[in-house]
Amino acid sequence: MRVVKINAIWCSGCLVMNKIWSKVTQKYPIETLNLDYDIDYEEVSKYNPGEVLPVFIFFDNDQEVYRVIGEKSEKEMFEIVQKLGEYYE
Amino acid sequence: MNKRKIFLLIITCLLALLFPKNTFAENTIKIYFFHGDGCPHCAEESKFLEELVSENKEVELIKYEVWYHPDNAKFLERVKKEMNINRSGVPVTIIGKTAIVGYSDSVGYQIKRAITYYSEQDYDDVIKKIENGESINIVDNFSELEEKSDYESTISVPFFGNINLKRLSISTSAVLIGLVDGFNPCAMWILLFLISVLIGMKNRKRMWIYGFTFLISSALVYMVIMLSWLAVSVKITTSIWIRNLIALIAISGGIINLKSYITSRKDSGCQVVDKNRRTKIFDKIKKFTHEKSFILGLVGIIGLAVSVNLVELACSAGLPLIFTQLLAINHITGMRAFLYTLLYIVFFLFDDFVVFFVAMFTMKISGISTRYTKYSHLIGGLLMLLIGVLLIFKPEWLMFQFN
Numbered sequence: 015m016r017v018v019k020i021n022a023i024w025c026s027g028c029l030v031m032n033k034i035w036s037k038v039t040q041k042y043p044i045e046t047l048n049l050d051y052d053i054d055y056e057e058v059s060k061y062n063p064g065e066v067l068p069v070f071i072f073f074d075n076d077q078e079v080y081r082v083i084g085e086k087s088e089k090e091m092f093e094i095v096q097k098l099g100e101y102y103e
Numbered sequence: 006m007n008k009r010k011i012f013l014l015i016i017t018c019l020l021a022l023l024f025p026k027n028t029f030a031e032n033t034i035k036i037y038f039f040h041g042d043g044c045p046h047c048a049e050e051s052k053f054l055e056e057l058v059s060e061n062k063e064v065e066l067i068k069y070e071v072w073y074h075p076d077n078a079k080f081l082e083r084v085k086k087e088m089n090i091n092r093s094g095v096p097v098t099i100i101g102k103t104a105i106v107g108y109s110d111s112v113g114y115q116i117k118r119a120i121t122y123y124s125e126q127d128y129d130d131v132i133k134k135i136e137n138g139e140s141i142n143i144v145d146n147f148s149e150l151e152e153k154s155d156y157e158s159t160i161s162v163p164f165f166g167n168i169n170l171k172r173l174s175i176s177t178s179a180v181l182i183g184l185v186d187g188f189n190p191c192a193m194w195i196l197l198f199l200i201s202v203l204i205g206m207k208n209r210k211r212m213w214i215y216g217f218t219f220l221i222s223s224a225l226v227y228m229v230i231m232l233s234w235l236a237v238s239v240k241i242t243t244s245i246w247i248r249n250l251i252a253l254i255a256i257s258g259g260i261i262n263l264k265s266y267i268t269s270r271k272d273s274g275c276q277v278v279d280k281n282r283r284t285k286i287f288d289k290i291k292k293f294t295h296e297k298s299f300i301l302g303l304v305g306i307i308g309l310a311v312s313v314n315l316v317e318l319a320c321s322a323g324l325p326l327i328f329t330q331l332l333a334i335n336h337i338t339g340m341r342a343f344l345y346t347l348l349y350i351v352f353f354l355f356d357d358f359v360v361f362f363v364a365m366f367t368m369k370i371s372g373i374s375t376r377y378t379k380y381s382h383l384i385g386g387l388l389m390l391l392i393g394v395l396l397i398f399k400p401e402w403l404m405f406q407f408n
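Residue numbers (our numbering), protein chains in the order written: chain A, 15 to 103; chain B, 6 to 408.
Please keep in mind that the hints were generated in silico from the structure rather than gathered at the bench.
Reference excerpt, derived from the structure (chain B facing chain A, CB under 10 Å, subset only):
1. W194
2. L196
3. L197
4. C275
5. V360
6. T375
If the Cβ cut is set under 10 Å, some of the chain A residues that face chain B in the computed set are:
7. C28
8. N32
9. V66
10. E85
For every residue, glycine included, the Cβ atom is placed at its ideal position computed from N, Cα and C.
Based on the provided sequences and hints, a complete structural model is requested.
In structure tokens, the structure reads:
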């Protein structure tokens, strides 16, 4: 499983989620591609990110399997990753 | 009913609220002031009333000196008998059906509340009727409503218990409204971008000065706009039309905030700002922070703060406007108005300063959870709806007691 993470430097919620995501990846080593909404705009637009940031797109064998939009709590993120891990691996 | 019809219905209802309940608001309210020459409390009240009258064109002051004018003394006795006033002594102030004996600061506020009350309730010139020998009715007067409203204005708030809205002071409002306004995300994203650029700079001294200048300039812009609006609204506060217009802005702002809360209830996060505007502001920040001349960079940062905060005022959906209206309705001007506005701004910028200081000391940019923004929409929405409705139906409840 790999994750495409779309953030922006000006997004307060993205900064909060960066800390949470680094805790998640310490426990579950997940390959993560970090994209900046402004700097990597062309690449970001391929994923159709919508109007709310941050966006976490989970892929299994290059197939999108789940999308987390906006800010979530640490507990919620761990639960999501755990469930996806059980299902796809 | 389709969405468009519902929208038109809501707009029609809101516009209907703009129309005053009666036309008495445009009539002159007479303050009958019975006083004695040489009585210190009378002199104090006289000064207060003269200032009040000079500020309100709709109010007229009629004085009766009773210590040296036997006819006036006799008339006062007749008024007291007709209005069932048992307390003796002067000063005696009559406004509509309300009689007040004695004077203190709290009486001053009571007089102001009475004027606000009679500017929209059925004002009755009782003294004129007594002079003409007509029968009078003093039942259900303002004093009785004041006592009754003390009970009615108590609301039960989860976690906080019973709160009497009348006693909720202006300072509490300044802190609460300022804090709610501060969590508005409009300026936060610009500050975060500024900080991210500042952290990339090698010059730590410049980082502090540029960041601090942005925040202080933002505070000054807010202060100037709020005080200017206050200066205008103090003069027009007795106009029921203006007050209802502000109430309408408050109600609309409340609905917008509650709608934002409902839509972001499940997915809180950062709403993407218009790309063109974002790029423009980013370019400006980069240009100013990389400016070789320190002074030019500083001027640029000040200019940016001014333009950003002018836009942010509109983004705040009227919270600063509503707060200045609270000051105006309580006749707070001068130094006290400045201090209350300062208190509002300190709490308005509280989260911005926290983010700035943490970033400057740790050299890492940290965000404040957008969950707070979500709750600020909820609290701000409810607060604006409450103030809007009170401005129309119970403006006297918004006249806080300071004694």
